[in-house]
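Protein chains in written order, with the working numbering: chain A, 1 to 107; chain B, 1001 to 1408.
These are computed hints drawn from the structure, not numbers from a lab. Even for Gly, the Cβ is constructed at its ideal location relative to N, Cα and C. There may be inaccurate statements among the hints.
Unchecked claim - Label-pair distances were calculated between CB atoms; the ranges are:
(1) A:Met1 to B:Gly1227: 56 to 66 Å
(2) B:Pro1057 to A:Ala76: 30 to 40 Å
(3) A:Ser65 to B:Ala1145: 41 to 51 Å
(4) A:Asp94 to B:Met1111: 38 to 48 Å
(5) A:Gly21 to B:Met1111: 47 to 57 Å
(6) B:Met1111 to A:Val15: 37 to 47 Å
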Amino acid sequence: MTKVTFVGTDGSETVLDVPPGTSFMQVAVSAGLAGIVAECGGAAMCATCHVYIDPADSDKLAPISTIENEMLAATASERRANSRLSCQLQGHPDLSSIRVHLPETQV
Amino acid sequence: MDQRIVIVGASQAGLQTAVTLRQRGHAGQITMIGSEPHTPYQRPPLSKAFLTSMAAPESLALRLPDFYRENRIELIRGETVDRIDTGRSVIMTVSGREFAYERLALTVGAMPRRLDVPGHDVRGVLYLRDIGDALLMRELLPKAADVVVVGGGFIGLEAAAVCAKAGKRVTVVEASSRLLGRTVGSTMSRFFLDAHRKRGVSFRFETGVAEIAQDRGTVAGVRLTDGSLLPAEIVIVGIGAIPRTELAAQAGLGTAAGGILVDRFATTSDAHIVAAGDCAMGPHPMAPERLIRLESVQNATDQAKVAAATLLGGHEPYAGVPWFWSDQGDIKLQIAGITTNSDEFEVSGSFDSEQLTVSHFSGGVLTGVECVNRPSDYMRARRALGEALQGRALAVRQPAALETAPAS
């Protein structure tokens, strides 16, 4: 399990356990976390599951694919160097915990 | 804000209706009734990677079971609604249960058009529209050598790509002369033919299915109308979907062959009843000259949000830009806007690179794009179409049938 802390724009924190191979987005949406929209259900098609990786955790993740990179160019909130699509981030046995910040808006 | 709302159809649109009701502060009872034994789940993966993955069916669930309890959404599973009594404001299920409503949402979806030939009900003929079919396909696929796909639409081509990648001999049988004929322009049709052929898929155009050949109760092949026989252990049928209108029609609501008629607020001809998603047909600001019905996740969610607002007394016209995607193996198709009514198009990219954008115009104005492996083109166009749509949502006409329908 990977412990993912979602930090809202108001500073509120939601901690969710993400099983290996499951995406952060899927766990967030299933739990009804309002800050992740994920219109396409996780196909890297809509850029509405945008998160900012906490700077302290920036080296913990697999690199960005070409498709994710292009989709990130179209997020509703500003893209930053630490922007990712949470549908492309998965729980992993080697990743015990990570903090991600939610953007102002997803659509 | 405390009315008793019943949602018929535990679907993507049904769930979104319930979610939006709660997000907007509805405090009253919400009951959602579905005929399947599952909690609402994603259907798009059923014809794609799910077929060869090890993922559990629960991974398709749109929300965890706890979500329904925490949000006080009463989820009734395995109950099929038989009729609506608009006079008493009650719905009745096939098993005899009754549910009273003050407001009702119909999110009943569409059913796959069935193959109507001898042998159509043999084990191994699959439609891939529900979890059961997808799980049966997972079971049959490892032992199959040949797969026949009936219908060169999205579901068929997505499944064909999965089967070809798994090393099966795949033949797609299409009644018309081109692929995806109802949904994309001719350039994209040619691209997909080319791309699937490169990946080993065979095609038979302008021919139909005469019979499913069987061997001891399971599929053995497909006899075509030209008399030829294609061997197959699995037959995947994707020949379109029919909106579920019977319930609405029986209740006296305005319907057409194309769906349950709704206005731009997703209201049916009964002011207490809304409809949204695959089952609903109504006006859209991007197609002002006709009524449209869209089968997509985007439409299910966007129209459901409109419907939920209407249920709470709001008036927020449907103005979402249609968008759609299809994963066909490693090819990602993304469509934004409406591309089937254009009078002009422009192509950039190439077949060889498998990166291609077709932009469609009507009267010189961009109406939509079809993009293959070009997500940035797609997102740029989607945004531009959304901006162009602002303010136009209120200008669309109501369906004439709704203006004359009697109040019930």
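Quick rundown of the hints versus the structure:
Distance hint for Met1 of chain A and Gly1227 of chain B: a CB-CB separation of about 58 Å, consistent with the stated range 56 to 66 Å. Remark: the range hint 30 to 40 Å for Pro1057 of chain B to Ala76 of chain A is upheld by a beta-carbon distance near 32 Å. The hinted range of 41 to 51 Å is not satisfied by Ser65 of chain A and Ala1145 of chain B, whose Cβ atoms lie roughly 33 Å apart. In this structure the supplied range 38 to 48 Å holds for Asp94 of chain A paired with Met1111 of chain B, their Cβ-Cβ distance being about 45 Å.
Gly21 of chain A and Met1111 of chain B have their C-beta atoms about 33 Å apart, which leaves the hinted 47 to 57 Å range violated. Taken as a hint, the range 37 to 47 Å holds for the pair Met1111 of chain B and Val15 of chain A, whose Cβ atoms sit roughly 41 Å apart.
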